[in-house]
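Here is how the chains run, residue by residue.
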Amino acid sequence: MALENIIGKPVQAENFFGRDDEVEQLRAISEREHVLMLAPRRVGKTSLLHALKRHVDATGAAIGIYVSVATATTEAQFVQAVLNAIYATKHGRSLQPSLLTRARRLGRGVKGVKGGGLEVAFEQAAPAWQDEADRAFAVIFTSDRPLLILIDELPVLVLAVNKLDPTGARVRNFLLWFRNLRQHPDGAGTLRFVFAGSIGLDNVTRRHHLTDTINDLRLWPLGPFERAAAHDFLSQLATSYKLDLTPSLCGEICDAAEWLIPFHLQVIFGALREHKASPSSAILRDVLESLIDRQPYFSYWNERLHDSLGAPYDAFAHAALATCAHGTDGANFDKMSHACASIATSDLVERKATLKWVLDVLVNDGYLVEIDRRWRFRSGLLRRYWRKHVTR
Amino acid sequence: MTVYNPHLQSRQELLATFVARQPLLDELVDDLRRGGKQHHLLIGDRGAGKTTLLLRLAAAIEDDKKLGRKCVALRFPEEQYNVARLSDFWLNALDALIDALSQRGERNQVRVLEAKIEALEAKDEATRTEQAIKTLQAWAKRHKRLIVLLVDNLSLVLDRLANDHWALRESLSSDNGLVMIGASAMFLHEAADYQSPFYDFFNIHELGPLSEVEAERVVRSLAQRAGTPHVAKVLDEDPGRFKALYTLTGGTPRTLALLAGVLALDHRGGIEGDLDRLLDQLTPYYKARFDDLPAQSQVVVNAVALHWHPITAAACQTATRIDLNTVSAQLNRLVKSGVLAKVALPEPSKLGFQIRERFFNIWYMMRTSRRLRRKLVWFVEFLRIFYGEEALRQRAEQLIHDTPTEKLDTAAKFLAFASAVTDPSLRRQLEYRAVEKLVNEGLPALYEQLDLEGEDQHLGPVVDRVRVLRGIRAQLRAARIVLPRKYTTAALAELIMEDPVLPLAAKQVLAKAIILGRWKKAIKLLSRKNTIPPGKQLLQSIARGELPSLMDIQTTDELKQILAQSSQRFRALSLLFGINRILDSSRILDKDLSSIIHSDTSLIFYTFSILSAVVQHGNWPQIRPLTHALLERLTAEEMRPAFAFLQTCAERGLTTQVEELLQQVRPASADSSLPKILHVAITNDEASLDALAPEMRALVAAGSPRREGAKRVTQKRTASRPKHW
Chain S
1 MALENIIGKP VQAENFFGRD DEVEQLRAIS EREHVLMLAP RRVGKTSLLH
51 ALKRHVDATG AAIGIYVSVA TATTEAQFVQ AVLNAIYATK HGRSLQPSLL
101 TRARRLGRGV KGVKGGGLEV AFEQAAPAWQ DEADRAFAVI FTSDRPLLIL
151 IDELPVLVLA VNKLDPTGAR VRNFLLWFRN LRQHPDGAGT LRFVFAGSIG
201 LDNVTRRHHL TDTINDLRLW PLGPFERAAA HDFLSQLATS YKLDLTPSLC
251 GEICDAAEWL IPFHLQVIFG ALREHKASPS SAILRDVLES LIDRQPYFSY
301 WNERLHDSLG APYDAFAHAA LATCAHGTDG ANFDKMSHAC ASIATSDLVE
351 RKATLKWVLD VLVNDGYLVE IDRRWRFRSG LLRRYWRKHV TR
Chain V
1001 MTVYNPHLQS RQELLATFVA RQPLLDELVD DLRRGGKQHH LLIGDRGAGK
1051 TTLLLRLAAA IEDDKKLGRK CVALRFPEEQ YNVARLSDFW LNALDALIDA
1101 LSQRGERNQV RVLEAKIEAL EAKDEATRTE QAIKTLQAWA KRHKRLIVLL
1151 VDNLSLVLDR LANDHWALRE SLSSDNGLVM IGASAMFLHE AADYQSPFYD
1201 FFNIHELGPL SEVEAERVVR SLAQRAGTPH VAKVLDEDPG RFKALYTLTG
1251 GTPRTLALLA GVLALDHRGG IEGDLDRLLD QLTPYYKARF DDLPAQSQVV
1301 VNAVALHWHP ITAAACQTAT RIDLNTVSAQ LNRLVKSGVL AKVALPEPSK
1351 LGFQIRERFF NIWYMMRTSR RLRRKLVWFV EFLRIFYGEE ALRQRAEQLI
1401 HDTPTEKLDT AAKFLAFASA VTDPSLRRQL EYRAVEKLVN EGLPALYEQL
1451 DLEGEDQHLG PVVDRVRVLR GIRAQLRAAR IVLPRKYTTA ALAELIMEDP
1501 VLPLAAKQVL AKAIILGRWK KAIKLLSRKN TIPPGKQLLQ SIARGELPSL
1551 MDIQTTDELK QILAQSSQRF RALSLLFGIN RILDSSRILD KDLSSIIHSD
1601 TSLIFYTFSI LSAVVQHGNW PQIRPLTHAL LERLTAEEMR PAFAFLQTCA
1651 ERGLTTQVEE LLQQVRPASA DSSLPKILHV AITNDEASLD ALAPEMRALV
1701 AAGSPRREGA KRVTQKRTAS RPKHW
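Protein chains in written order, with this note's numbering: chain S, 1 to 392; chain V, 1001 to 1725.
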């Protein structure tokens, strides 16, 4: 099956490319530990979860269960989504309580939830979902085959629950319950979780002082393609679209993408494909120029700094980004701090503290990535845009 | 052909007129043929062709048998106002599927789906949403067809489903037989917001302005379709006209469609006439759009539109006098609704706002701005683009001599050309024409349309002169007085008006004196001998009020305009008046001064007087080279004014500089004693005179301050003009 030029949407099966080592590594780790996969957006976390599921299913290492909880806004919905995903598998059906039991419990649960609305009656409803969940998982612990549950978008739920109770007590209660579930001795041999999400769970828990609720998770970073894999990826795409892409041109695309995640390669390849002329270095330059001239898309990144940070932090951000935009390898902290000197010269300690905070925001908001104490643009296109249109 | 409602086009019309976005259509079709795994988002301003492209894509799917077997295109209303919850959106999709199946006559499937929709009515929101999606997915799976959701105004849908973005994304994230091809008039921030569910989720296609070549192809195609061969003729024979209109309209397909219609009409009015008609055609559409805005939004849009260039929130607050928070909220709301666009200003961390559709801005300015310059700021830019500098100058000259007929002629057109041309003389003539026309229209029109306290401030004196001079003419012509036979009141009026020296106030007094019967003195004054004739052109300009008389010169610019029209000899007199009235003599160009020196030796009195005036203003370095040149060619007969000038220099503390200059002077005449004589002017060293011949000594003594007193020298300087000019 030919590799497709897919931008943005998680890929499945035959369109998953070049991460076999990562899949195997993740499988091995997840046999022993619960894993939190870390990577900025568009690196391919969801696609990797799907691939891991296919892999464990195929090898029989475990029963892979993928569940996205993006639509869940309460703990009960989360539990329901996970249980439904487990019960939807052939093996999981045997772990499902009997229809009569479910009806009785469901009735009780519903009564509890509907009596006065979920938000208001949470104190009464909370024990109900926990009770229900504990009972269900107690059965699941008895599974004779290990279950690898791949949970996507958990931070979305965490933020939603936190919104319902801004004191943070409710979300802490939920995350502690979940941690206890993962630590339950009865589940040690049967239940493993791998987490991923568009928003980093580590960031969300750190911001809300909940880090202790996930400290049992093994952090596992997912990086970009190796250059050779990126070459192969581009070559296969070219074959699939009958595009004549020479090895040197593949190299030039990799240079332009800078950070070799599939998304960046797909975007440039897509634009090259749309260009009707036969690919060449000159055409690639045209394509890159037209991509960074997508004003509404990239100017939003610029505007957002002003809107979200306000003065004087936006000036710090501009100075830091301008410094990082100079080269593909970004800049170190001292260089950026020096660039910020004209904004705040009086107090070096305060300036450094502010810059550190601003850099955290820039990483969290997808402008930069930090690798080996250097901050570089996450997207080569954004960096080029920044140089051409912002710091000109 | 419908321009504003593409969905009302017939299928044949749609297929025949779809030219502009063919490559993108091909790409989307190709993507669907490959399985349609990619969601797409079309971004483009209003009129960019998004709706038409979605309709054309639906037709492409339906008309291609193979593709039609793989896909079904779901068309939604252009605005899905009924969407309040996520289930509404998916139920709309089910309705659209039913419509698509009905058109194919697949009644059984329609009945099944209708039953399912009916069953969902009583369910709660979560169940309805879940079941609606499942129904669509199940249909797609059962029939092995891809459901292509063609969602126009996706931003509206997303706005209404603000709490359901994750859920919507979830439904579109797996290979479940659903693919979305959305369109939006404004950029979806969700697509670039790193925290948003839809961050980098779509393959974004910006439907930018068409290139000139594409645009021409579109216009030709539309004209062919409309049966108007005249348009092709215009494109072939007058490509510049199309190019200019293309530039101004921004190359959006909708305005190009209108443009094709305009070019099909009579074009005797020229390019400005085309614009008139285009604006007329757009009026109903733009007016409706503006009227639809809430009152406070209209106030903000008004301020942004009249500013023309990007405006900051703070400047908008000043213009509207609405508090800053409200203005900011309004600006952001208008950006969100696509009326305004946000732009980053050169200064980091500053944002500006401008009207997204530039032609809408033009229409608005034409319609609402009272001030002509503001109203036509766009037109000025257009003129520069269309004509280029030389052609613009020629057109402006032609305009001054012609009598235009289009709506855009009048004062507005003259002012626009005046703003566009670079030649100051031409600009003044054009501005004068504008003022003249406005005065003809009456004072209320004049004061309303000119901003005499702002950007038209420099036209205030012109307005005053035109009004006063016209008043003089009218009053004198109406006066019933007995005059000597050789005079008439009309002739006297002309004499007063064209007097090149008298100030305007004096002219009024003279006219009044004549009307009151005291004409003898007035006639005597007006008939004084004209020893240095100003030139006919200058007299006419002064008589019309286009230029001030010498005693009314206020600015360097006015002086330069007078110099430009003066006869060669009159230039010296003009310069003298000008320098004495304009304190900053450095603004007088060297070439004006040197031209006097080389023009007419009989003007030596004026020349040294001018130099004295410059020295009075403390600008020795500017005149030093000229003084040097003058002294070297000085003759004995010219000694007196030179002597007076050098004494002025001495009074201004320039003794050292003049001494140094005199040492360098090498007289052209045989008499090498001249520098010695002049030296006396600055040193008062009588002893040095003893070495001169007696006649020379007498000459110097005649101009010597020791005999006539230092005061006399100063008087000579100011009174050095002859009694008669």
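Don't take each hint at face value.
As the list claims (entries may be wrong) - The list that follows gives simulated cross-link-like pairs (lysine-lysine, DSS-like), each with its CA atoms no further than 30 angstroms apart:
| no. | chain 1 | residue 1 | chain 2 | residue 2 |
| --- | --- | --- | --- | --- |
| 1 | S | Lys53 | V | Lys1070 |
| 2 | V | Lys1134 | V | Lys1037 |
| 3 | V | Lys1560 | S | Lys90 |
| 4 | S | Lys90 | V | Lys1037 |
Since the hints were made in silico from the structure, they are not lab data.
Owing to the predicted nature of the structure, the values given are computational and were not obtained by experimental measurement.
Hints that the structure is at odds with (numbers, increasing)
Going through the list in order, the structure violates hint 3 alone and respects the others.
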